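*Asks:* Based on the sequences and whatever the hints tell you, model everything.
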Amino acid sequence: MPTLSTFLTFRFIEDRLGAGVARDEADLAGQELEFHLSESREEQQQLLRDYLSLGADDVDSLAPSLHEWFLERIVSSPELVTVEQAELQLAHAFFLGGSALIPFLAVSALLALYRRPQEGSASAVAPVVREIVRIGQEGELAGWRERETYSRLEQLGDILIDLHYLAGADVAPLVLAALDELLHLDLPDFTHHLETRLRVRAADLPRERGRELATLFESR
Amino acid sequence: MPARPLHAIQTDIGDWIAHSTQAFKQDYAETGKVWVLKFIDARFLGAFLRSGGRLVVSATPGFTWGDGVYVAPLRNEYSTMMYGRIGVLGWLDPSDIRNVYDASQSKGVELYQEWIQHSSFLYRQLTTTIHADLTNRVLRNAFRRTFDIDVVYFPPDQFNRAYVNSARDRWFLVSDWTSVGKFAPGQRPQFSNRVRECRWVAIVEEQFEPSASRTHYSDLIGPYAVRAGPSRPSLKPQFLKAHASNTGPQPALLVRVSI
Chain L
109 MPTLSTFLTF RFIEDRLGAG VARDEADLAG QELEFHLSES REEQQQLLRD YLSLGADDVD
169 SLAPSLHEWF LERIVSSPEL VTVEQAELQL AHAFFLGGSA LIPFLAVSAL LALYRRPQEG
229 SASAVAPVVR EIVRIGQEGE LAGWRERETY SRLEQLGDIL IDLHYLAGAD VAPLVLAALD
289 ELLHLDLPDF THHLETRLRV RAADLPRERG RELATLFESR
Chain G
318 MPARPLHAIQ TDIGDWIAHS TQAFKQDYAE TGKVWVLKFI DARFLGAFLR SGGRLVVSAT
378 PGFTWGDGVY VAPLRNEYST MMYGRIGVLG WLDPSDIRNV YDASQSKGVE LYQEWIQHSS
438 FLYRQLTTTI HADLTNRVLR NAFRRTFDID VVYFPPDQFN RAYVNSARDR WFLVSDWTSV
498 GKFAPGQRPQ FSNRVRECRW VAIVEEQFEP SASRTHYSDL IGPYAVRAGP SRPSLKPQFL
558 KAHASNTGPQ PALLVRVSI
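Listed in order, the protein sequences are those of chains L and G. Here the working numbering is used: the first residue of the first sequence is 109, the next is one more, and so on. Here the working numbering is used: the first residue of the second sequence is 318, the next is one more, and so on.
Rather than coming from a laboratory, the hints here were simulated on the basis of the structure. Just to be clear, a hint being listed does not mean it is correct.
Unchecked claim - To be clear about the criterion: a stretch of chain G counts as covered by chain L if any three or more of its residues have a C-beta under 8 Å from a C-beta of chain L, and this derived list gives those stretches:
id, region
1, 357 to 363
2, 370 to 380
3, 438 to 446
Stated by the list, open to error - Okay, the calculated bits of chain G under chain L, using three or more residues with CB under 8 Å as the criterion:
id, region
4, 323 to 336
5, 452 to 466
6, 497 to 504
Note that this is a predicted model, so its numbers are computed, not measured. Think of the CB as a built atom: it goes at the ideal place given N, C-alpha and C, for glycine as much as any other residue.
*Replies:* Now the structure itself:
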């Protein structure tokens, strides 16, 4: 159960920052909210914890603008939460509808939380991959078939390809580790598709960035 | 698929940034300062003064070049008065401005358009979904961050017939990525220190009303008042004088911008 403060913040974000609010007005409201939050790190942490501990039904019923705000907040300030607190909710957020950017923000948040590749363990996007594969195997959602599994994995691959270049060379190892995990999935059609895309991309990039990508498929 | 590889576009963008930076400093740096103005809503005057005269980063989807501090050069002093009655003046240090992007010319816009086509997921969302505002914001921020752009300058894209000259005027977007993680898709709406010695210097008499689409603003009083002449006088000397005078917590001199 979120605190009253969290509940009111949810309402404020939805009513004053959401789609449909004129951008100038939304910007003023955003500044007002930021002004209050910047006063207290504890309040920010509590707000994020409350969001991350919501049950699945509550999460699904929130407006997309709320998810966007919270996910971006986590990406911007990953030090306010821990991997343990956040990774399941972020994996769930990857599948939320309503905004095309939510999966992008969820993956960005996972990468931001990890900060650096974990030696000998799964990559930052492992929770999303596990969830995609689990849902695909169990056919948990009505109408969920193999094609959708591939489609979700392709989406994840495309987001990572974007982030590899957009997020900069100094954090590229995190993204490369995530792409490497995808390339090693036991789904030959998908991994072949991804490798083809990576080869095209590697040729397209400036030399050093392209070479980074090439190491992924040259070792296969 | 884009016609040219990313590495070729990136090289051209680097050249354009070098050209833009030189032109910007020649055009706007005066005696070691780039003077910039911002007109803010009177609702935020108190917060502005309490913050010690710092400007706030705008981080809402839909802004022209993404997140940052939107200001106008002092020479285009009338062009942003429609945004608020309170005029604040400060300056950018040219030595802080390493990379500038001129988006007022078609070459700058076209290079950006070429560059975004190389994104996979984001370009698809931009062109085939209704979520263009948010996606544009992420792409514009990513572009500025990838090329480490401190200032983008561009022609006004919101208008008023008496205050904005879209052919002549330019607006600036100043980046501030302080304390923002590498994967963050935007800056946070926090105070920025990039604009220095920002002081309250003016009050605008006119009342503006935005259109429903917010593409233009109507001036509500001016059309019914007698103007002194056909053209507006430069307020630059008065604004600079007010800035020099207002060093204390309360302004000693405020310029009344008449109708």
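*Asks:* If a hint holds in the structure, say so; if it does not, say that too.
*Replies:* Status of the hints after comparison with the structure:
Closer than 8 Å: that is the beta-carbon criterion, and the region 357 to 363 of chain G has 3 residues meeting it against chain L, so the requirement of 3 holds. Under the rule that three or more residues need a Cβ within less than 8 Å of chain L, the assignment of the region 370 to 380 of chain G holds, with 7 such residues. Coverage of a stretch by a chain is defined here by at least three residues with a beta carbon nearer than 8 Å to that chain's beta carbons; for the region 438 to 446 of chain G and chain L the count is 5, and the condition holds. Given as covered by chain L, the region 323 to 336 of chain G passes the check, having 3 residues with a CB less than 8 Å from a CB of that chain where 3 are the minimum.
Under a criterion of three residues with beta carbons nearer than 8 Å to beta carbons of chain L, the stated coverage of the region 452 to 466 of chain G is upheld, 5 such residues being counted. Coverage of the region 497 to 504 of chain G by chain L holds. Counting CB-CB distances below 8 Å, 7 residues qualify, and the rule asks for three or more.
Going through the hint list in order, the structure satisfies each hint without exception.
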